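> Be aware that the sequence shown starts at 534, since it is given in the numbering used here, and climbs by one per residue.
Just so you know, these hints were derived from the structure itself, not from any lab.
Since we're looking at a predicted model, the values are computed, not measured.
Beta carbons are placed, not taken as given, at the ideal position from N, Cα and C, and that holds for glycine.
Among these hints, one or two may not hold up.
[What the hints assert, rightly or not] Quick list of simulated restraints, FRET-style, between CB atoms:
1) Arg710 - Ala568: 36 to 42 Å
2) Thr630 - Asp596: 17 to 23 Å
3) Asp570 - Ala660: 53 to 59 Å
4) Val580 - Leu688: 33 to 39 Å
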Amino acid sequence: MRRAGALPTISLTLALGACSVLPGAPDEATPFAPAIDPRGEAVDGLVVGHRLMEAGEYELALDAFRRAGARDGLTPEVLSALGSANLGLGRLNQAETLLRRATDSGDAWPEVWNNLGVVLLERGKTAEAVQILRKAYALDDGESDAIRDNLRLALAKLDETAYAVDAEQQNYKLVRRGSSEYLIRRVP
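Using the sequences plus the hints, can you model the full thing?
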């Protein structure tokens, strides 16, 4: 019976010994990461996510955007960021759903409409993509070269499909510009 009582005492001692490290400077003698400072401020998940998008780390960016959504709610900015990360990962169905939700709020900016147009064009919904890209171009007052180029390519693709051109001549490539803007380029 004494054995059973001795075992919990030993494990409790080990657990308390592991908690003896206080936040502060890292201990060079230990291979463990430094402790977390509970008084420290967290960096905004959207900022972290956009930095990860620039680095091409779309999966990590998606996690950061999810944390921002959990903290701030699913605002149009969070929805568009989640959609852009899914677009970067090639998850077109998920990207379309999230970008549509972002544009339905009424607070979407031209880049969100542009990304939705790119997703629709990639999914073969050319006529709808043209309309969405026209809206993005109008909201932007024609100032963005990327949106204008995407609209031109969508219109060209719409004309090509109207004349039933061979699929080999309709080669396009999705090219990322900036942290959340995409451009469609014709592949020679």
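> Now look at each hint and say whether the structure bears it out.
Status of the hints after comparison with the structure:
no., hint, in the structure
1, Arg710 - Ala568: 36 to 42 Å, "holds (41 Å)"
2, Thr630 - Asp596: 17 to 23 Å, "holds (18 Å)"
3, Asp570 - Ala660: 53 to 59 Å, "holds (54 Å)"
4, Val580 - Leu688: 33 to 39 Å, "holds (36 Å)"
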